[in-house]
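Following the hints, put chains B, C and D in place on chain A, whose structure we already have.
Residue numbers (full-length UniProt numbering), protein chains in the order written: chain A, 1 to 365; chain B, 1 to 365; chain C, 1 to 365; chain D, 1 to 365.
Since the hints were made in silico from the structure, they are not lab data.
There could be a bad hint or two in this list.
Here are the in silico distance ranges between beta carbons for each label pair [to be verified]: (1) C/313 / D/62: 53 to 63 Å; (2) A/353 / C/364: 30 to 40 Å; (3) D/355 / C/74: 46 to 56 Å; (4) C/62 / D/355: 55 to 65 Å.
Here a beta-carbon is modelled for each residue, glycine too, at the ideal position from N, C-alpha and C.
4 protein chains.
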Amino acid sequence: MAGNTWGRQFTVTSFGESHGPAIGCVVDGCPPGLALTESDLQTDLDRRRPGQSRYVTQRREPDQARILSGVFEGETTGTPIAVLIENEDQRSRDYGKIQQVFRPNHADYAYIQKYGRRDHRGGGRSSARETAVRVAAGAIARKYLRERLGIEIRGWLAQMGDIHLDCVAPDTVNDNPFFCPDPDRVAELEAAINVLRRDGDSIGARIVVEATGVPPGLGEPVFERLDSDLAAALMSINAVKGVEIGDGFDCVRQRGSEHRDELSPEGFLANHSGGVAGGISTGQPVRAALALKPTSSITIPGRTVDIAGEATEMRTTGRHDPCVGLRATPIAEAMLALVLMDHWLRHRAQNADVTPPLSPIPGDL
Amino acid sequence: MAGNTWGRQFTVTSFGESHGPAIGCVVDGCPPGLALTESDLQTDLDRRRPGQSRYVTQRREPDQARILSGVFEGETTGTPIAVLIENEDQRSRDYGKIQQVFRPNHADYAYIQKYGRRDHRGGGRSSARETAVRVAAGAIARKYLRERLGIEIRGWLAQMGDIHLDCVAPDTVNDNPFFCPDPDRVAELEAAINVLRRDGDSIGARIVVEATGVPPGLGEPVFERLDSDLAAALMSINAVKGVEIGDGFDCVRQRGSEHRDELSPEGFLANHSGGVAGGISTGQPVRAALALKPTSSITIPGRTVDIAGEATEMRTTGRHDPCVGLRATPIAEAMLALVLMDHWLRHRAQNADVTPPLSPIPGDL
Amino acid sequence: MAGNTWGRQFTVTSFGESHGPAIGCVVDGCPPGLALTESDLQTDLDRRRPGQSRYVTQRREPDQARILSGVFEGETTGTPIAVLIENEDQRSRDYGKIQQVFRPNHADYAYIQKYGRRDHRGGGRSSARETAVRVAAGAIARKYLRERLGIEIRGWLAQMGDIHLDCVAPDTVNDNPFFCPDPDRVAELEAAINVLRRDGDSIGARIVVEATGVPPGLGEPVFERLDSDLAAALMSINAVKGVEIGDGFDCVRQRGSEHRDELSPEGFLANHSGGVAGGISTGQPVRAALALKPTSSITIPGRTVDIAGEATEMRTTGRHDPCVGLRATPIAEAMLALVLMDHWLRHRAQNADVTPPLSPIPGDL
Amino acid sequence: MAGNTWGRQFTVTSFGESHGPAIGCVVDGCPPGLALTESDLQTDLDRRRPGQSRYVTQRREPDQARILSGVFEGETTGTPIAVLIENEDQRSRDYGKIQQVFRPNHADYAYIQKYGRRDHRGGGRSSARETAVRVAAGAIARKYLRERLGIEIRGWLAQMGDIHLDCVAPDTVNDNPFFCPDPDRVAELEAAINVLRRDGDSIGARIVVEATGVPPGLGEPVFERLDSDLAAALMSINAVKGVEIGDGFDCVRQRGSEHRDELSPEGFLANHSGGVAGGISTGQPVRAALALKPTSSITIPGRTVDIAGEATEMRTTGRHDPCVGLRATPIAEAMLALVLMDHWLRHRAQNADVTPPLSPIPGDL
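So that you can see chain A by itself, here it is in the shape it has in the complex (with noise of 0.2 Å):
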């Protein structure tokens, strides 16, 4: 396959450019008689919106989801769902620069080795933007899987270059524009923002996401572990570099009898392993952190080539984020949905009549 469909029982195509018509996503497989509409995805992608503060991007869209299908009297049918969201803020203006000349560290080069061409109006396909589709979708695992299953997952912004955040204050991380989970440190995160701008530079993040309430079970060992498509899943989100489960690389340093979760009958005794052993989920709370690039497009200039091979040098202009992270945590929310959703689905597939010898432990003591 040429790589726009997402999941193998609850699957997601997506299609569309940053400056074309119109992005949009067929979600198929969802079961029926879900309660979906609109507004059920609107939610999401708002959260993602460019042009919501003065840190991100100044890109202007609405971003309103129209469901085209699949969903009758308010309720899914178990046929596809197309969703679609036009493009309006494509300023038309000059790509004359970009469209000659390779943005170091972009797509842009790759892409013309790949396919011999590129749309280059603001990225084309390669363009942050085509992650709105997957809020959309994500929207909908996640609906399903809060009232079918009780799985809640949020995410939060744990670092932003050296300041490090705690997740203090989970409920309040949808008040700022960053996804902080810490009040007090918003006025930091603020003035590491506004020396970026000046400076015209930009910053790396990390970001941790979690889903509680998963139930024991989900992932398909040996190669489609819950694991490894949740590292695949967020290693597709633009400007990943990064995936940890659980402690992650810190567990190079942790020696076996610090890092295993002991069990107990009232419950796992510690979450080292990020809700996974084996590649299957164990009732724990699935965590999992994911670190971004600083984006490229800054206006100090770069060495780079053109379009003929010849050295030149490029500066972005335009509407662009100091720090791409601090739009990523709806994106990471909505993967994780989607590998818990396509997981459920594929295991109840094969174990539908499965009944263990012993009640699920739970995931926290």
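Same frame as chain A, now just chains B, C and D:
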């Protein structure tokens, strides 16, 4: 799918339990005309094989791979290549304890919750023994990539606990049982393992893998990106908890002006990106890192529950590795080879008749 | 998967209900550089379009396809091509009867049993309206096959009821509303349809499709053979109940000495096999036939049950075809185009570097 | 994919050449807890096995299936089930002629054009020997379907040449080497085969397969319909050239008032549709027919070309079947079992929590 087939164009279907009669795989989609014998698989299998040094598990398996199909008169025919590895050293012993009690942080509990039962002998399907077939399959991909495309793959131990290792002598990696790339530090590793043995404990590790000579254009955005599929492939290896592409989590603290890989007609001026942009290979070396947790099979007793849900204690005995990461290098190399092979074939499916407007620029200056 | 994505390398994801806001599809995997405009899709869409003659359903849909992505400056870019067709003539009427009662031999009852509900308006997802998007997607494949490989695809009505038609004038097929390949027999078909109209009844049809210029080598034994995938593709068209490759069911009475296609350096000496051997194309014309059942939407009352499980009677009113097979020719051509396109790309994924020991012999003497 | 994995949720990956060391398959996705031994596979394997009567090929293979994985203490565990069948009667002989000359209507020429080479020994991968693994895999599906869902599958020879056979005594089908459902006609078949033997010629056959007890709801419209997947599965059997569901090509001459299966609360009043509507099972018996061509391995010489492209003549010698269709019944039954099994699991993935508004009505009155 139930998760035991990897890949889309070059596929590997894996089967077998640790203490069953055999493990093996079927490799489908290999181009015809590749010279291939069983000894081509054996080189890498021998590198992964247990029982070769006193620093790893003492299970002794010859790991002789037998090719059952798909090769005729010394060349691949384009039909599926079945590889069989008989299990020989399945020690006949009392599994009573393991059968009734869940080892903390093993897949035991998750398997029971998913399937309602499990083959408890030696870890059954969740045993690291399964990775032998990945090495065999990877050896086929690796041979093709080397002979047809000039791609070279190598890996090394980059960290064990607090011991950080630089790749100062890549040619010596296979000369020691740790895949240590610095011969002067081997004694240090030996000493650390001896301490762990004495303590009955274990430690994590970090492995780096790299492919040079990768042509630009591999990877299928937006979901089946090269980095995304590589993350999944590496995360599917037993005990892996984190994956990085290029600078990985270091990106969080980097500025865009530092991170971006500038280009010149003579070549890329840096490789922070790990050879992937927008999910597509750039021609730079493809570089990834993985974190392996400390094995939970340690002799220090741990709290757990039994199959009746009652609290109990577990102390693993038998043959195990103080650092499972020590044997992971050939497995990670194999998974990298499989990912590149699959993406090469898929890339040419869609783009075989593309001529980019400029020649690829070198991956390194 | 839930079944709305077709293909493996060249994929079509279909969505939409008969009386929803729109139908459409996403075509993924198209090679870049193919000149493509909306009018390229329109030619075939217009051939399938209802309401064009008084012999088929009188629903009037302009069936204007809009391309939303994947085409830039008149050429495909290699990214997914979304095609949207708005529904316009959704007559607002009382669906009360259809909603409560299962039309015999329609999908109504099966949908209820599967999904527990259905969009009853105009057949919902099970309507033949869905085939419009197949024709649009097929037009893209067809253009590529013609321009890059010289493959020509055509189809015709071979039988309607007891009227058998020979392909005596293939160039006249598009000159009449029946896709009849014999202009002298058109009046006979008209008369037969008029009788059916009068009787409120319907009739079956047999369609033949053929592709010339197909290179040898397409098809992936043992399960994804060219004939196997073609059988699935044709059987997936609404109302199709039988598929034949080459001589099909006539083979049952043939002897091997008659059936086998002998070869000569100048070309194959016959084509009983329909251009496929061992599941792989031979270079002969690929030929298939399909049987379409008489539509069950007739005005003669029939016994059935209602949603409460009670016995009742049903008489279909509204706009319907006395012979649904009459509009199937462009759909069958489209499916043949899709199968060949997908297999061409998959074939070159594995075998792009193969040089057979002898040149292909011509498909026809 | 290269075509050797069948299915989506219940998958079969097949490997092996006719005269290589072994053939086999990996069955993935089987629900855990199914009682399974090698003898469960052997019953159907013995029905397909050659050399059992003088009316079929005299190759003598014990076809002993060995289960290598996925079964523990007599029950499936949910992990992949590998099945191995060693080749024993590979007569050592001179393949010089077959190696250099393409047998008319065999896969020889197509394989060379596709892969540039082929394993010519006994037909290699294109040999009907490969179907033994389908029968083994099908036996697993069949056991599950019978024990868990009460589905019974049977097949019979419906026609050989001009001899039409009615299913008058279904219980006697296994009592004769032809799978003839009418004991009074067995002598007629014997005589016909003797004539073909004498003439050195061959004949085609028509097989019917049927499953009773199939619940409504199986099948995934619009592309992976039950009938569509069944058509592909049956067409993938060697020598098959046509597939019908229900009345098949007879529909062409039927009127809608005759064809449509009316419903009553007591059950369906007919089964022209073969148990499928809109691509979904209705609860009626699922019935299909397949046409097998006369084998081209006959002793009457035929014109052909050699590997240099020169004209020559070919006369097949060795062990072959005058009617390959005679051994196809268990293979067709196996494919039907696989299709139903895969669709059952997929159906419940999406729809496990659906409750239809009415109880299923019986499939037959």
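Verification of the supplied hints:
A C-beta distance of roughly 59 Å is found between residue 313 of chain C and residue 62 of chain D, which places it inside the suggested range of 53 to 63 Å. Judged by the Cβ atoms, the range 30 to 40 Å given for residue 353 of chain A and residue 364 of chain C is violated: they are separated by roughly 55 Å. Between residue 355 of chain D and residue 74 of chain C the CB atoms are about 52 Å apart, so this pair conforms to the stated range of 46 to 56 Å. For residue 62 of chain C and residue 355 of chain D, the Cβ-Cβ distance of about 40 Å falls outside the hinted range of 55 to 65 Å, so the restraint is violated.
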